[in-house]
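In this note's numbering, the protein residues as written are 14 to 86.
Keep in mind the hints are simulated off the structure, nothing from the lab. From the three backbone atoms N, C-alpha and C, an ideal C-beta is built for every residue, glycine too. Heads up, a few of these hints could be off.
What the hints assert, rightly or not - Simulated crosslink set (SDA-like; lysine to any residue; CA at most 25 angstroms straight-line):
no. : residue 1 : residue 2
1   : K20       : Y80
2   : K59       : Y80
3   : K74       : S27
Claimed, not checked - For each label pair, taking beta carbons as the anchor points, the in silico distance ranges come out as:
no. : residue 1 : residue 2 : range
4   : M14       : F48       : 20 to 30 angstroms
5   : Y83       : D49       : 31 to 41 angstroms
6   : V47       : K86       : 15 to 25 angstroms
7   : I85       : N57       : 32 to 42 angstroms
8   : K42       : P77       : 34 to 44 angstroms
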Amino acid sequence: MNEIKEKIDNAFASRDEFFALLDSLVPKKNGTDVFDFEAAKPVNLKQVYEKFYAYDYNMRKLMPYLYKAYDIK
Numbered sequence: 014m015n016e017i018k019e020k021i022d023n024a025f026a027s028r029d030e031f032f033a034l035l036d037s038l039v040p041k042k043n044g045t046d047v048f049d050f051e052a053a054k055p056v057n058l059k060q061v062y063e064k065f066y067a068y069d070y071n072m073r074k075l076m077p078y079l080y081k082a083y084d085i086k
């Protein structure tokens, strides 16, 4: 059970890092939670990809446990 909790914690941590990067690069539209990509700062796509990949990788590591827990085939 600790292994699953660790994987969930890692997934949420990498998600937080990814969205923190987006928040630092892309303003929101009129005080909403909607990103205004038209007003985005110039971006290092490699940096964005690295954060997204870390998030995606952690989610993929968690998926077998979810499939097993909910008998998903």
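Structure-based check of all given hints:
1. K20 <-> Y80: Distance of about 14 angstroms is within 25 angstroms: holds.
2. K59 <-> Y80: It is violated: about 31 angstroms lies between the C-alpha atoms, which goes past 25 angstroms.
3. K74 <-> S27: holds (12 angstroms)
4. M14 <-> F48: 20 to 30 angstroms: violated (36 angstroms)
5. Y83 <-> D49: 31 to 41 angstroms: holds (37 angstroms)
6. V47 <-> K86: 15 to 25 angstroms: violated (36 angstroms)
7. I85 <-> N57: 32 to 42 angstroms: Holds, since I85 and N57 (Cβ atoms, about 37 angstroms apart) stay within the stated range.
8. K42 <-> P77: 34 to 44 angstroms: Given a distance of about 38 angstroms, which is inside 34 to 44 angstroms, the answer is holds.
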